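Participant: If you want the building blocks of each chain, they are given just below.
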Amino acid sequence: MMGIEESFICPRCGNQDPKYIGMRNGRPYCRKCISFIGTKAASLPSSPKTVELKLHYDLSGEQKQLSRRIVSNYLRGVDTLVYAVCGAGKTELSYGVIEQALRQGHQVGFALPRRDVVIELYWRIKEAFPLNKVVAVYGEHAYALEGDIIILTTHQLYRYSRYFDLLVMDEIDAFPFKDNGLLIALYHASLRGHCVMMSATPSKEMLKEFREPCHEVLELRTRFHKHPIPVPKILVRPSFLQSLEVVRLLKRYRQQNRPCFVFSPTIAATEELYSLIAFFVQDGNYVHSKRVGREEIINAFKKGAYRYLITTSVLERGVTISNLQVIVAGADDRKIYSSSTLIQIAGRVGRKSDAPDGMVTFLAEKPTEEMHNAIKEITFCNTFL
Amino acid sequence: MPSKKSPSAIPFCKVCFKVMSAPSWRTLFCDPVPLCDSCFREMDSRMMRWELKWNKHQIPVHALYLYNEKIRSLLYQFKGCADIELAPIFLGSQAPLLRAMYWGYTLVPAPSFASKNEARGFNHVELMFAPLKLAILHPLVKVDDVKQANLHLEERKNIGEHLRYDERVSIVGKKILFVDDLLTTGSTAKACCELLLPHQPKKLKILVMGYTPEKWARGR
Chain E
1 MMGIEESFIC PRCGNQDPKY IGMRNGRPYC RKCISFIGTK AASLPSSPKT
51 VELKLHYDLS GEQKQLSRRI VSNYLRGVDT LVYAVCGAGK TELSYGVIEQ
101 ALRQGHQVGF ALPRRDVVIE LYWRIKEAFP LNKVVAVYGE HAYALEGDII
151 ILTTHQLYRY SRYFDLLVMD EIDAFPFKDN GLLIALYHAS LRGHCVMMSA
201 TPSKEMLKEF REPCHEVLEL RTRFHKHPIP VPKILVRPSF LQSLEVVRLL
251 KRYRQQNRPC FVFSPTIAAT EELYSLIAFF VQDGNYVHSK RVGREEIINA
301 FKKGAYRYLI TTSVLERGVT ISNLQVIVAG ADDRKIYSSS TLIQIAGRVG
351 RKSDAPDGMV TFLAEKPTEE MHNAIKEITF CNTFL
Chain V
1 MPSKKSPSAI PFCKVCFKVM SAPSWRTLFC DPVPLCDSCF REMDSRMMRW
51 ELKWNKHQIP VHALYLYNEK IRSLLYQFKG CADIELAPIF LGSQAPLLRA
101 MYWGYTLVPA PSFASKNEAR GFNHVELMFA PLKLAILHPL VKVDDVKQAN
151 LHLEERKNIG EHLRYDERVS IVGKKILFVD DLLTTGSTAK ACCELLLPHQ
201 PKKLKILVMG YTPEKWARGR
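Residue numbers (the numbering used here), protein chains in the order written: chain E, 1 to 385; chain V, 1 to 220.
Chain E on its own, in the form it takes in the complex:
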């Protein structure tokens, strides 16, 4: 006969693996999603909202076409995957469908895996939809849970049970959402309508799922400003010379008055590299997931207070800085730098139409297959111009 643990299915995350099921006072409970406790969002009565979409720029012809397609998919009840290159203007593609959903009085959510990106997106959406209540929900910031548009980290989805009529999800291939069964289950549980997924580097499984009926993949291979994506350059250097190479490149960018991100594989390597480079090039700083005051440092960098920033992959996505250059030190660390990560990193460069080009440098002791694949993918996308 089956024990209670074997027959129990978690109503929230769908877990039924007995390994993750505990017994409390004779009753089974799920240990997999146990840390997701907190206030749940109250469901609001749905009523059509007044919407004014305010954009300071026009969408390109391709963007407009895709945006219309996403809206028609949403109205027909088709889930959409937007497969667009970095810097294609994915976020703006979703504005049309958000506007449509709000007009119909639908509940809109915009989920992303990382809190830094949630904060940045919050201000962008707030500016684009000035008449609507936009709330940001993440780790230490969960005071207001209800609004017209809810921007949240994927971890906070547990607060919204069968809640969103439209859920836009960006960076779905990023840690911690990628391959995280629990977060994927929470996403399914929060959705009562349809979703729009967006990624520059979707997994094969994701592409396969969206090629099934009632799903559609929309591709956008060019950037909105119609300039090619800068193709990374590989510089082969022994590890002890890589720091000097970083110094040389930083000095050059400094002369050209161009800000630069230097990516480093680990927190320890980031701190070590900064302590060395700070001797030679001033006006820089470093960030990683554990750095106190990370947001202030990133904001100061955006305002031009620093000329360079040494960082782990926390800044690999969702950051747009004009005229940015990128160096990846130790790019042959295959555990950290998969080809999709390298594509995302390279995608930080040349995103603005006033500075559409730039340099991406991979510093490595030995070129890896991942580096070559990333370069191949970027070159392929550039052929669509």
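The calculated EDC-like cross-link candidates involving lysine to aspartate or glutamate, where the alpha carbons are at most 20 Å apart (straight line), are:
1) V:K116 / V:D144
2) V:K18 / E:E6
3) V:K18 / E:D17
4) E:K226 / E:E92
5) E:K290 / V:E69
Simulated from the structure, these hints should not be mistaken for lab results. As the structure is a prediction and not an experimental result, all values here were calculated from the model.
Take the given structure of chain E and dock chain V to it, following the hints.
Facilitator: Then chain V, alone, in the frame of chain E:
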């Protein structure tokens, strides 16, 4: 109580859920604990012993772990999220040694507010030290819901105002082991000892799971 039998036949770690490899030296001589070596190392077991001195009192203290990020998250999961399955991992393989050290003692857990225990479904301190297999008495009662972590240093020193001794329970001539999950400034431990000492226990010792040294130094 946590389930006595694991639902899976293969032993796995209750913290990281990984299948435990061949029995390590710890499990050869001790009670089987559902905790892998890697998680145990992260908990940073120290076995610290010193004496808590204030006014004219001098009470021996024994702490098992330094309060680090791992202990913080495990305690949050156990206490805050009511994950009762974690109960046996805190004393872990140290339980037989501790049983020998405190043989003949009576356990007095730090008082916690009754409604909190009801909501959680268990008293976390009592369950954490259950592997000691000692008799338990509850002479101390918390009269209102005060959370130590939310109090300032000065306010913590007045924690005694929120506690009282239940006169129905006698500890006369008994060897008392006062247990708590954390010792930070030591205010709770001192306040509890001050309530216990007038009732003539034969001996009084303190055993805590986690200890925060920097804050303790400031509090002293």
